[in-house]
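Chemist: One letter stands for each residue in the lines below.
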Amino acid sequence: MNKHWLCSLLLLGCGSRPEAWDAPFTPTAPVGLDNAVVVMDTTLARALVLTSPGALELREDVLPVGQHVVKAQASPDGKRLFVLSRGVWPRRNASDEHPRLTVIETDPAPRVVKTYELDDPLSGLVVDSENEWAVLYVTSEDSRTVTNPNEIFLLHLSELDRDPIPVTVQSLAGSPQSFSFTSTLDMPNGEARRLLVVEMQSEVTLVDLLPSLGNVERTTSQVTIQMSLNQQGQNATPAEVVFHDADAASGLDPQLAVRLQGDTNVMLLPLVAPSSSSTRPFSVVPNLVDVGGQASTIRFVNTDDGVRLAALVPSKPSAGLVDPNTGNVTSITLAKPFSGIALVTAELATDASGTDIALLWSNTTPTIGLWDLGKATTAATHGIDTLQVGASVRDVLNVPGDAFPTSKILEGQSGDFYVLDLKARRSSPMVTNGRTYQLTFAPDGQSRRLWAFAPSEEDFSSVELGTLNPTELHADSPVWNVFDIAQSGGAGGRTAVVLHHSGGALGATVLDAVAPDSANTRFYSGLAYGGLSHE
Amino acid sequence: MSNDTHAVSGTPAQPGSARDRYAAGSLLRALITLGACAGLALSLGACSGGDDDSAAPLGGSDFNGGTAAGGSGATGNGQSASGGSFSGGGTTSIVGTGGTSAMETPPPPEKELESAFQAPVATDRFVWTANPSTDRVALIAADDFSVRLAEAGSAPTTVAALPSARDEDAALVLNAGSDDATILRVGADGELRSTMLKTHSGANAVTVSPSGAWGIVWSNAALVDPTLLDPTDGLQDLTVVQFGDEPVTTVVSVGYRPSQVAFDAKEEHAFVVTQSGISVIDLGDSPAPESLLRLSDDPADDAAARDVNVTPDGHYAVVRVDGQKTLGFVDLTNGERQTLTLADFVTDLDLSVDGKQAFAVSGGALVVVPVPPGSVDPSTLARASAPGETGRSVSLSPDASLALLYSNATTDNYLGILTGGGDWSEYDARAVDLKAPVLAVFASPDAQHGIAFQATAKGSSKGGAFSIVSAQTDRAPKIVGTDAAPNALAFAPDGQSAIITTRDLTKQRYGTYLVHLASLEQTFIPLSSPPLAAGMVPSVNRAFVAQAHPEGRITFVNLDDGSQHTLTGFELGAKVTQ
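Chains as they are written, first to last, in my numbering: chain U, 1 to 535; chain G, 1 to 578.
Simulated from the structure, these hints should not be mistaken for laboratory data.
Here are a few chain G residues that face chain U, going by a calculated C-beta distance under 10 Å:
hint, residue
1, Phe145
2, Ser146
3, Val147
4, Ile525
5, Pro526
6, Ser529
7, His549
8, Pro550
9, Glu551
10, Lys575
11, Val576
12, Thr577
13, Gln578
Please read these numbers as outputs of a predicted model, since none were measured by experiment. Backbone N, C-alpha and C fix where the C-beta goes; we use that ideal spot for every residue, glycine too.
From just these sequences and the hints, can you work out the full model?
Modeler: This is the structure we're talking about:
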């Protein structure tokens, strides 16, 4: 039974029907939460919330959201869903719906916990990884007659009753291109602050996220740093911003650093003590450091010589260790052109030296490296051990949860992926059939599994991370996405929800996520109608 | 080769107070910076005095004075010339014995490499650098590396440190785009004050009197692209600045194309060496040109071949001409000229700091000449030489107790090390083989060591070399091959350490060496951009290396431990809106 037909029956019974019921079901990309999967039905302005009360069970709740959903995003902790909708635009009648932000939570039961009406449509949304702040902003999709591209709205997530705080980001000539948040930094004046980092075309603006940030402070809480001139005599474009908190032992002020596109320089932005007349907790004194080539990524690290900004330069190949206090660069020749770096100190550190351990990978050679930065400047090898893997690495994924702290997933350029055990220095290949697979985990890491699927294929796989045993699985319909969620019944079980979307239909195959078996599944259809049936 | 009288824009002329001595040290260091290829070419064109033909001797026996009375020196010059390129004007002439015939071929001219580049300006606390594109001057504190920006006029280019009796750092900035200058002063309280001055058009050089009371803003043809200079561009205007709480400027006119400015000891007169002669400026209440002292009676003389050295007290000018055997002495108080003909061609000339002695290199030996020479018989002058080295150039320590003889006109790997003192009637000498052709040599301020810059040795894979030689003990020279050619040098005032920069623009190899002279030890520090110049900030015991970078880059090096601090983007702070 298709949706159109069902609607026709309803129309006959009720005498009239909303126009939208004649439109096809057009969902947005599904979003996974800890214990739910949410699909937006943009046509009917609904959120279809799928939860699993028990083994092989699926429940669907339908929640209202604004019309014309443009963005749905989960909070990093998997507890909330933020939905931006455009409403009726342009508004012609007083009853026409405003643009809206809807906040949904699913624990203990799906519900809308807050709705904010917005004056104008916004389709940009970034949620702080510490779940403290969210930023709403204008994108190019929000076409208006007159747009202030620098207008953003800050939402304090611990105070949902508070209205979003409008802020115009200070800029000389640019508009926001990306947003990120620092952790809490110990400012030179003793205050602890978090900063919103706004990267623009040729500037970076730091917005001081005062707890009391509001209308009074919003114009005085920003610092804008214009990027340095590149070889073409133009202001460079920021490509990456990283930060490090103050280090009392070395007298280091809190620092930010900016990698510049197409430039061999990185900008150091120490947050130093402000002048006595300043009302800000810090002042920025930029310095520019040439790291010897175009860096692919930068990261603050703790070495045996103190805090350094590590800049990987694959073209050399080398790593520049920049002393933020002096601007001096120690260039370390690398055996391979490593292009990516992730700190794995918490996973591997065995002493209290405070120095970091980093995982290095390359997108051009099948080698990874483990960099003991406690030996970076003293050892002949600079503390780098290399390990061959089967392919160059596209990305490195963390395994959520605590069960496998030393495991990383290396996504290969070829479509294969590798389970890396950092402690054992062992990489286990997971050979795929050549298609580009998507890998997902349970957000809370409780299922001890990863799921690999290729959209539009009916076969998918699950790998038990303890044994590295892959389980081949099959669904009767092409897979749209796979989610590993906690069951909401309180029994602690887990359910894998395999979504199928074809034409105007939405269905789901449900499995036991802990012990998946194609022979033990249940298929649910009719999800697009807001009702469930299973086979 | 003189290292204390060449006019270099942006540097004071002579030492005075302790603060002044440091500023003068900057001058010394500025003068011993050495450029790379492009600058080398400029140096050769500007300083070597043309080709061999133009430097041909005009006849040793012709250096006979005329009969005119000396008078004030303002008049009478050129009226009684008897044909020599340096004669006349009521002078006496002394001809040495053993002179060679007029047909003798002089040696090829030496290359004056040491003064090709100017260093950034440093005062007690700050390194000053101008940015013509932003109309700002950056003041970099050498102690905490903080950067302050000062607004200047349009297109500031030249910066000169100003000696001051007050507890302040000060500099004069020439603004090429607005034909004015800015005096910047930072007091002990840290307050930055600026004063604007009007100057003549086209100023590109500054010479400041030792006390800091006077400054001469002038136009140095050597700093101008020769293709942009019309023969009628005499660059004859200069601006006299009387510093004070309310600085006063006066524009005066001097001879054709000035090349050097000096002051007398009382700072009552300024002397401007020009192609026309030495213009004397009365620095009274109303500064004005007083006279033109001619250096030659022959208007056809090649003024570019002259090497004019003014004694620090401003009493005498000592003149050498490429391809001639004579030394000329001009009494700047009255214009009297005297010539002294040596036995051989004079290939280089330097003066002692007190101006009492001239050190001429003649016939491969150092000849010590009293200033003025009086009636001295040239054959009785003290001569010093190092067997094994036929020196054509000399680098003299400030106290004139160390003379380093070398030649760069031909491929010569040897360096003559001469130590003496007083009248140099007694001295020690030795020649050392440095294994690679010597390009330039610098004596340390304490006269204990020397550093030679060298070209790539035959068969060497290196980009260049330098050598550290010990003067007072018979130690083997330390020869250091470098990946790139050395291009700048700065000594610490105590002579214990030095900084040498190297660069190869093609291979993009840049670096600096910290040299501890007593141990002949050197430490290489790689740089990420081409070094332009080096200098010292003695108050914090640091050297600095200015580098080419669109945003400005400078690396400070601690002279004790070699630790470094690099600042890039002096004006990035101005691009922070906070």
